[in-house]
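J.: Single-letter residue listing:
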Amino acid sequence: MITAWLLLFLLPLARALVGSGWGLHRPIEALPLLPLLALPVFLTLKRPNPDLFGGILLKVAGSGAGIVAVVFVRMRLLESMDFKIWQTGLLMAGLGLTSLWVAVGSCRDKEGPGDALWAGAWLLLGWLDPTLPFLGCGVTAFLRGNSWWPVLHDEEEGSTLSPFPVALLFGLALPKPCWDFGPEPGWSFALAAAGAGIALARALSALGRRLPGGALLTLLALLSVLYHPNAVIPWGAVLGLAAGWAMERTGRPARLGILSGGFLLGLALSFALHANAWIPGLRHLIWLGN
Amino acid sequence: MKGWPIPIGVGACALFLALSIPRQEVFSPRFGYPALPPPGGTVDMEVRTALPWTFFPGSAPVPRDAEGRALECLAIRWRGNRACLTFRAAPAPGLAITPRAWPPKDTYRLVHIADLPTLGDEGRMRQFVEEMKLLGPDLILATGDLCYVETQAWYGFIQDSLKAAGAPVIVAPGNHEHKSWPLWLRNFGGRINHRVDAGPFTILSLDSRHGRDAFTPSQMRWLETELKRAREAGRAILILSHHPIFPAGPSGKGEGHGIGGNLQVFQSRFVDLCGAYGVAAVLSGHWHQDAVYDSNGRLRDDTPDFPGTRFIVTTSLGHAERLVCRWPHRNIGYRVLEFREGRLLRYTENPAGSDAAVPIWSQGLGRISREDHRDAAGAWSGTTVRNGCSHPLRGLLTPAQRLP
Numbered sequence: 001m002i003t004a005w006l007l008l009f010l011l012p013l014a015r016a017l018v019g020s021g022w023g024l025h026r027p028i029e030a031l032p033l034l035p036l037l038a039l040p041v042f043l044t045l046k047r048p049n050p051d052l053f054g055g056i057l058l059k060v061a062g063s064g065a066g067i068v069a070v071v072f073v074r075m076r077l078l079e080s081m082d083f084k085i086w087q088t089g090l091l092m093a094g095l096g097l098t099s100l101w102v103a104v105g106s107c108r109d110k111e112g113p114g115d116a117l118w119a120g121a122w123l124l125l126g127w128l129d130p131t132l133p134f135l136g137c138g139v140t141a142f143l144r145g146n147s148w149w150p151v152l153h154d155e156e157e158g159s160t161l162s163p164f165p166v167a168l169l170f171g172l173a174l175p176k177p178c179w180d181f182g183p184e185p186g187w188s189f190a191l192a193a194a195g196a197g198i199a200l201a202r203a204l205s206a207l208g209r210r211l212p213g214g215a216l217l218t219l220l221a222l223l224s225v226l227y228h229p230n231a232v233i234p235w236g237a238v239l240g241l242a243a244g245w246a247m248e249r250t251g252r253p254a255r256l257g258i259l260s261g262g263f264l265l266g267l268a269l270s271f272a273l274h275a276n277a278w279i280p281g282l283r284h285l286i287w288l289g290n
Numbered sequence: 001m002k003g004w005p006i007p008i009g010v011g012a013c014a015l016f017l018a019l020s021i022p023r024q025e026v027f028s029p030r031f032g033y034p035a036l037p038p039p040g041g042t043v044d045m046e047v048r049t050a051l052p053w054t055f056f057p058g059s060a061p062v063p064r065d066a067e068g069r070a071l072e073c074l075a076i077r078w079r080g081n082r083a084c085l086t087f088r089a090a091p092a093p094g095l096a097i098t099p100r101a102w103p104p105k106d107t108y109r110l111v112h113i114a115d116l117p118t119l120g121d122e123g124r125m126r127q128f129v130e131e132m133k134l135l136g137p138d139l140i141l142a143t144g145d146l147c148y149v150e151t152q153a154w155y156g157f158i159q160d161s162l163k164a165a166g167a168p169v170i171v172a173p174g175n176h177e178h179k180s181w182p183l184w185l186r187n188f189g190g191r192i193n194h195r196v197d198a199g200p201f202t203i204l205s206l207d208s209r210h211g212r213d214a215f216t217p218s219q220m221r222w223l224e225t226e227l228k229r230a231r232e233a234g235r236a237i238l239i240l241s242h243h244p245i246f247p248a249g250p251s252g253k254g255e256g257h258g259i260g261g262n263l264q265v266f267q268s269r270f271v272d273l274c275g276a277y278g279v280a281a282v283l284s285g286h287w288h289q290d291a292v293y294d295s296n297g298r299l300r301d302d303t304p305d306f307p308g309t310r311f312i313v314t315t316s317l318g319h320a321e322r323l324v325c326r327w328p329h330r331n332i333g334y335r336v337l338e339f340r341e342g343r344l345l346r347y348t349e350n351p352a353g354s355d356a357a358v359p360i361w362s363q364g365l366g367r368i369s370r371e372d373h374r375d376a377a378g379a380w381s382g383t384t385v386r387n388g389c390s391h392p393l394r395g396l397l398t399p400a401q402r403l404p
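Residue numbers (the numbering used here), protein chains in the order written: chain Z, 1 to 290; chain D, 1 to 404.
Some clues are possibly wrong.
Covered stretches of chain D (in silico footprint by chain Z; criterion: 3 or more residues with CB under 8 Å from a CB of chain Z, positions within the stretch not fixed) [as the list claims (entries may be wrong)]:
hint	region
1	22-36
2	172-180
3	215-227
Note that these hints are calculated values from the structure, not bench results. Just so you know, even glycine gets a beta-carbon here, dropped at the ideal spot from N, CA and C.
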């Protein structure tokens, strides 16, 4: 569920906020941020009360996420994402909070190639409409909450790479196609390719272990610059491969808080860099050929 | 695949449940992105549907002509949930999706506006509409900051005013539209780049506010493709971008700080493309002051006539005229561009009392006047529309062209 939370909620949320000209002008516009604020609260709650994030409550949260996602997509399909409309913010907050509940409750699951391919498929559906990755998030939470999700059980594993820089660099590079294409749907191919790349990395994890961690981090950093709209699929696939191999080495169980925090910071940094294009020197690094 | 049939089945059901709604979005033609085919030509209509490759029963778009007859659909091409329907255009004005038929002629008059009036300045918008009725332009090109007020009511007022001006309107968004982006998408369409072919012109509109004052790689790719197509078709090319391409330079009176933003990303690539494909003019707003630059980024306050692309900045139509570059004049107005046989002949106006060709200056709002001529018996024999000095914007009109 961590892959779905990162790729099918946090990333589309960042894209939706930027793409809708979101700003904190009215209290209702804070609604989509509630899941982000709830992340440390849920993780703190879970430590003394692990049962709160399992059993019937997990089922309720998962079912809620599925229902909210369907309602949300039916409401916003082919419409612009307007967070000044309170229903949009409320449904987004509802989807985020319920799917986060499931993600926190299932963060000890080992994820395989199928989870990443699944996320990639929903990102590809973003070509039809940008709300559909959110539906993917809700459906994943619904399935996991009701124990219909194929979970791989694995033993704990130590980390050889810190999860924070991995998530940060992944978050820095991944939204590039979203900033490039804006409301046009070309970004979905790149993100779907990234999902496929992560799946491939998980399938070939033995190969990834032979690569030095520093090389993977360097590759992730380079991919936040080396981007061209004519090569979004190979770009996404290589990014996914590097990110997948790097994440495999961040240890198990995955640390949801650190991964989400790093990823969010990467998304925010990426937006800030692309939005503040006047910075001398830096602006030539934002896009190749500029 | 063990364990995956249930997720795949549930996902497919959820997808069908979410998508099965009779909703569609028309990208073009629509207000701000019109279709202007020659009489008897074809019109392409771009539609996005909820379900891929499917129109909901009874919901396929059928444009009708003035008599209510459905236009003949020549072809439908699908790409997922995006359909492109080709219709045969009506041979006369009145086609519901075509604001005005565009018969070929030698001389065209285009009006460029930017930074429209805001709340409290509605009178200026009405004045502009009245002047457009006198001027009768073939096209109105609006380069952003159309709506400073982020309400549907204000978007409605601006749209209604532009419709009342009587000419087809082509729009590009500005930075203020991004503050109410969903409203912009709802009222003016979901495309960040678009191309309109009208008579001998190809007009390419670009959103210059990805990030901030910037184009993106995919926009440059689109631009190059469209420039190539337009050049091959031998069309006169105009580009609309809210942000001016070149920096303002030193301000005439030191008021330029903070408001003289220009294109920051892909600037040199953009200028190179304009030169390579012979773009006639790049029209911008944003500064609330007139300015004209050549391809080297030099402010042309010496002459309006120079080779290469004209990078034209037009002042605000509505409020807050400023001094951003060294051109020392403030003005509120719009720019009239006259083309003959696809060539830009005139794009500056002379201020009151001057008959010499003055560079940079646009047409001031409120300076248009009409003079009705009468014969010896007192019957109307024609009207001359002037711009405040000796230059007639419309000469002696025939009875068929009689103004309201």
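J.: Take the hints in turn and mark each one as holding or not.
T.: Consistency of the hints with the structure:
1. 22-36: Per the Cβ count (3), the hint holds.
2. 172-180: holds (count 3)
3. 215-227: holds (count 5)
Hint check: no violations occur; every hint is consistent with the structure.
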